[in-house]
Amino acid sequence: MNMVQAINSTLDMKMAADDSIILLGEDIGKDGGVFRVTDGLQGKYGQQRVIDTPLTELGIVGMAIGMAVYGLKPVPEIQFQDFIYTAMDQIINQMAKMRYRTAGKITVPLVLRTPYGGGIRGGLYHSQSGESYFVHTAGLTVVTPSNPYDAKGLLSASLDLGDPVIFLEPKKLYRFQKMEVPENDYKVEIGKARKAREGDSITIITYGSMVPTVLSAVEKNGVDADVIDLMTLSPLDIGTISTSVKKTGRVMIVHEAPRTLGMGAEISAMISERMIEYLYAPILRVTGPDTPFPYRLEDHYLPDEKRIMDAVDKLLKFR
Amino acid sequence: MNMVQAINSTLDMKMAADDSIILLGEDIGKDGGVFRVTDGLQGKYGQQRVIDTPLTELGIVGMAIGMAVYGLKPVPEIQFQDFIYTAMDQIINQMAKMRYRTAGKITVPLVLRTPYGGGIRGGLYHSQSGESYFVHTAGLTVVTPSNPYDAKGLLSASLDLGDPVIFLEPKKLYRFQKMEVPENDYKVEIGKARKAREGDSITIITYGSMVPTVLSAVEKNGVDADVIDLMTLSPLDIGTISTSVKKTGRVMIVHEAPRTLGMGAEISAMISERMIEYLYAPILRVTGPDTPFPYRLEDHYLPDEKRIMDAVDKLLKFR
Amino acid sequence: MGKKEVEKMTEVINEQVEKEKHIRGFGAMILSRTLDKKIITAQRQGRVGFYTPTMGQEAAQIGLSMALSKDDLLYEYYRDVPMMLHRGVPLEIVLNQVFGNRDDLAKGRQMPSHLVARDYNFMSVPSPVATNLPLAVGTAFAKVYRHEPGIVVASFGDGSSSTPDFHSAMNMAAVFNLPVLFFCENNGLAISLPVEKQTKTEIWKKAEAYGMAGFKADGNNMVEMYRVAQQAVDHVRSGKGPALLEARCFRMGPHSTSDDPSKYESDIVQDGSDRDPIVVTQNALKAMGLINDQLVDKVKNESIRIVNEKFDQQEKVPPPDPETMFQDVYGNETWIIKEERGEIL
Amino acid sequence: MGKKEVEKMTEVINEQVEKEKHIRGFGAMILSRTLDKKIITAQRQGRVGFYTPTMGQEAAQIGLSMALSKDDLLYEYYRDVPMMLHRGVPLEIVLNQVFGNRDDLAKGRQMPSHLVARDYNFMSVPSPVATNLPLAVGTAFAKVYRHEPGIVVASFGDGSSSTPDFHSAMNMAAVFNLPVLFFCENNGLAISLPVEKQTKTEIWKKAEAYGMAGFKADGNNMVEMYRVAQQAVDHVRSGKGPALLEARCFRMGPHSTSDDPSKYESDIVQDGSDRDPIVVTQNALKAMGLINDQLVDKVKNESIRIVNEKFDQQEKVPPPDPETMFQDVYGNETWIIKEERGEIL
Ligand SMILES: Cc1ncc(C[n+]2csc(CCOP(=O)(O)OP(=O)(O)O)c2C)c(N)n1
Ligand SMILES: Cc1ncc(C[n+]2csc(CCOP(=O)(O)OP(=O)(O)O)c2C)c(N)n1
Ligand SMILES: [Mg+2]
Ligand SMILES: [Mg+2]
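Chains as they are written, first to last, in the working numbering: chain A, 1 to 319; chain B, 320 to 638; chain C, 639 to 983; chain D, 984 to 1328.
A hint or two may mislead.
As the list claims (entries may be wrong) - Under the rule of at most 30 Å between Cα atoms (straight-line distance), these lysine-lysine pairs were calculated in the BS3-like manner:
hint : chain 1 : residue 1 : chain 2 : residue 2
1    : C       : K954      : A       : K105
2    : D       : K1223     : D       : K1004
3    : A       : K246      : C       : K976
4    : A       : K44       : D       : K1246
5    : B       : K424      : D       : K1293
6    : C       : K657      : C       : K878
7    : C       : K843      : D       : K1199
8    : C       : K878      : D       : K1188
9    : D       : K1180     : A       : K30
10   : B       : K514      : B       : K497
11   : C       : K676      : C       : K948
12   : D       : K1321     : B       : K506
13   : B       : K333      : B       : K349
14   : D       : K1183     : C       : K843
15   : D       : K1188     : C       : K843
16   : A       : K30       : D       : K1020
17   : B       : K636      : C       : K976
18   : B       : K625      : C       : K976
19   : D       : K1183     : A       : K30
20   : A       : K246      : A       : K187
21   : D       : K1321     : B       : K424
22   : A       : K317      : D       : K1321
Simulated from the structure, these hints should not be mistaken for lab results.
This one's a predicted model, so the numbers in the text were calculated from it and none came from an experiment.
Turn these sequences into a full structure, and let the hints steer you where they fit.
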């Protein structure tokens, strides 16, 4: 199964078991979603459970919150993460703060799915990696898988969490890889990172679309790297990060979002706050630049193996 | 003059000299703004230049962008920064990206003013410090003064910049302090930080409402601290930060915004990326917690002198 | 008894029920006015941090509330205390929230006027105006999906009709034909902006742009308000789709205790003047023979006594424990918040 | 010549001008259809990355464009290539953008269909739909403030009427009485969603909710479209305030080259069928005696020749220099971007 199929089949499995799960979004019904992630589900569950909405992200998210506070488990889809910003007030001021402002009397169990990042030549408005906006917002849980197996397990866990989850799907990986995905319902724990590879000389922390790029770079070049796939961006798994950093003493973070206040900033700060004495070298960030996302020059924008290896070399040589 | 008067008189001075400057926002005209920042200006410049708008932040910001791309210099006001999020799409996808997507053929010279932060017992929705959302967004310049003098100089510089500026006014300091403010038009350079105090043993980086709190803490306690008032949050003044860090080797960052992906994260990451070898201690962050902002417990939420001194002690003792 | 007699009896009983409903509604108006004045005075004395007065909107809110039933759910806004009192929310709940004290249902987290009373079917108040409206649509969907009775009411001010949320919610409610009553309390002002500068049409007429029914009511007369509200509620309840109900009313004072209306408005309706909805309603009920001066005086005096008593009582409740600041961000506390609590407390 | 003769002459000239206008409009329709088909085919061949076809909306756009004057400013949307061609934007500008090559006015930064042609009074296209509408209001304000002639046109699709931006822009334009023409190209679909599920009213009727004039036109017939568009434009130009003009038209193909309409729509209008606006317009113009088959053939052949030639020519232009990726984020490059450029290049 590829990631699209994994997500689709997880939604299918969960919907079959729980009629409180409702999907809503633009073109997710008959059309099956512009990336086909919800393909076939409206046919199976009807227009009351797979809802084609008018063109308003604010409305989709607001309506989903209104369902969630009243016993349903909505799964709103935002067609491209780039279009989520008119819903930002609903996300920051309603979704993230409802539990707090009602002291737990009203909660918002929902999973907001949205494809993010580059890889399809989408230019300025179909390629953004906006995870920082969500991770900075207290009250949200932010999750992103890097393969079909984790996509299923994380989605299942997200649906059971009881709090709002921003589920970021790296569109570059939608059809990147096929994997055996168990048929049964299993969970990948939220808040836990995964070791994508064991190594001793350097810690590379990454997530989403950059995981395969990082793995390919270190493997091709025989780097003895510990590679961490975060999977949950908020709350971060400080345990897994700490253990690795204390072992290697050399750290870099790789993501496609712009560098300034990207995830790398928080991870770096957490590390130098609590284990600086273990470091042999600077903490490096390999990220997208602080520019909008260009269409034709996409390949130059996205971190690639060369940039990753430049940073690895710098770190390993540092003393 | 206090900060409200400084901003008011700067707007007045600039509007008198340049009829392309137009103010727009909710209740800024007759009412003079809920904090009285625009008091008297509609009476002086008329309803065409000080525009009371309908209740739509999206509309205010969008309309301002439309003015800016056509030769005017709008100064939209968002009544409280907490209410800016319905305009987030206009800010992220239009304001910040217009120059880029048109390769400089269309630009957006405007100054978006908005009060932010705690200090008035505003609770969840009248106290937010959302600077990270803007600093993470390439294409925006983000500025925040900590006293009346800088408020005037930064506002004047912002109006002359030619690019969109998010001008964050720490509402806690609106009437905190009176200062001599020169009558003439002067500028405080954007992109440059200010040494609020010279010292040798520790670097404290802060901005906005926390500047007086930090100064008071270190002075009362006789700490030999180098205190940096950033003033511009994007782009950061790495020069001033570097010089100080290399001198003291001990760094902390203080802000009221939540810790996760707050400004402290980026500053910490920048430092450990390029001068880790100068550090004698972890980089500490004293910030608001990762919770929404509480009404009655505001004093516990905001970093205070005690918390600042706890971190100072920890840093100075570290070895 | 024959069929005819039963009908007659029912009529008599209904008449009696309706009479009591009106008197109860008027009582709630007086109680809420009394509470309002008390809080405003206390705020000037520094005993309360902030408040958004509700004076002038009692008849509109309570007139609607009279037309609602127990199963109906409300997305209220910050000025809806009269409606809450009418629906049975105890004074203590309101006052604890106003003080933000330890007994406040939301642990003193929000500014006064932002109530939580979930047990009374109120869904809580965010400050960004109209942002509850899209939620009301989703909740109405959930109610229908679950085959539950009851409609969803979402209230908001005239200024709030300009927001993005209003548009999205109105359109979605209409497209999905959901039982939402959009209730606009048009007090003619959004802080300082008169409604004529807010928008160029009457608000109830905006319903048509969404293919929705629109109703307009005199929100200064509880009796009249109740009559029109009942039509709107019946429309929504019968499954004919959502509706927009606009009530014309007054803001008889400042926008909030931080506001100085003398800067922008000269025509503030005075307490006890003949435009005051309490006076208008009182006269209407007197004409209907439902109340007399004696009863009014009694209700007023009793209201003052209760309000004073409860106010003094709840004022004594201490503030929330600082510990509570860190609760309820997530269902399961994260290590980050735990760590931050350790640093701060 | 006497006064009467002058009038007569003017009439004759006007008639001649109108005739030429129609013929020119039709020519632009043919040219843009030819270009559209060329790009769609090239996309299938992998020579172009992406495209949003414009087939079926030519008459609507060009009919309006005919009613506009040089000073008017346009906030176009991604499907407005026909209008751009009609207003004189050269094929090279369109094609360079489609290829995102070195000569593209925006340095290849946006996906195809997102043009920049500021010199032709087009204000550029963001992908988030309708988000140009509030900008149009601000720009109209600026034009009026500067006492400049001309109106501002903001175009968008039927789906876009559901957006927050539509609501805010419509209301503000009306409140401030600004010369904005909101131009809705209703092709009946928003990707897969039929307009009947988008909203429960006709779109032009939404104008009333804002106190604005609304116009509806048959966007499949350029002649008819021009007539109604002229009324709407005259209304706005005369200072009577903004207007909403809805043109009914078709999307004669997929939403974009990434879309597969067979999933959701069976009734796609076919190229050359009798609902095709080119056929409708051609018949109308023939009936008016303005064109004949010979002319049509000539225009078609010439269009194909020009389009092929320009396409092949611009396809050869190399991509932008990687260096350009770092430009134009700010007026003054920041040290951060400089540093990042150093690391990446
Ligand atoms: C989105 C948003 N913008 C601005 C504000 C600040 N504000 C609070 S109340 C108000 C006016 C609301 O007017 P209206 O909707 O008529 O309600 P009223 O206060 O008159 O009852 C404003 C602008 C806010 N709360 N939310
Ligand atoms: C805010 C936003 N949400 C979603 C999208 C994705 N999207 C692109 S076009 C489109 C449909 C637009 O329909 P309509 O406005 O009718 O224009 P048309 O494409 O039919 O010309 C959608 C949903 C978008 N571009 N912007
Ligand atoms: Mg009002
Ligand atoms: Mg359409």
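How the hints compare with the structure:
no., hint, verdict
1, C:K954 x A:K105, "25 Å, holds"
2, D:K1223 x D:K1004, "26 Å, holds"
3, A:K246 x C:K976, "23 Å, holds"
4, A:K44 x D:K1246, "15 Å, holds"
5, B:K424 x D:K1293, "24 Å, holds"
6, C:K657 x C:K878, "29 Å, holds"
7, C:K843 x D:K1199, "20 Å, holds"
8, C:K878 x D:K1188, "21 Å, holds"
9, D:K1180 x A:K30, "13 Å, holds"
10, B:K514 x B:K497, "20 Å, holds"
11, C:K676 x C:K948, "11 Å, holds"
12, D:K1321 x B:K506, "25 Å, holds"
13, B:K333 x B:K349, "20 Å, holds"
14, D:K1183 x C:K843, "15 Å, holds"
15, D:K1188 x C:K843, "12 Å, holds"
16, A:K30 x D:K1020, "27 Å, holds"
17, B:K636 x C:K976, "24 Å, holds"
18, B:K625 x C:K976, "19 Å, holds"
19, D:K1183 x A:K30, "20 Å, holds"
20, A:K246 x A:K187, "28 Å, holds"
21, D:K1321 x B:K424, "21 Å, holds"
22, A:K317 x D:K1321, "24 Å, holds"
Violated hints: none; the structure is consistent with every hint.
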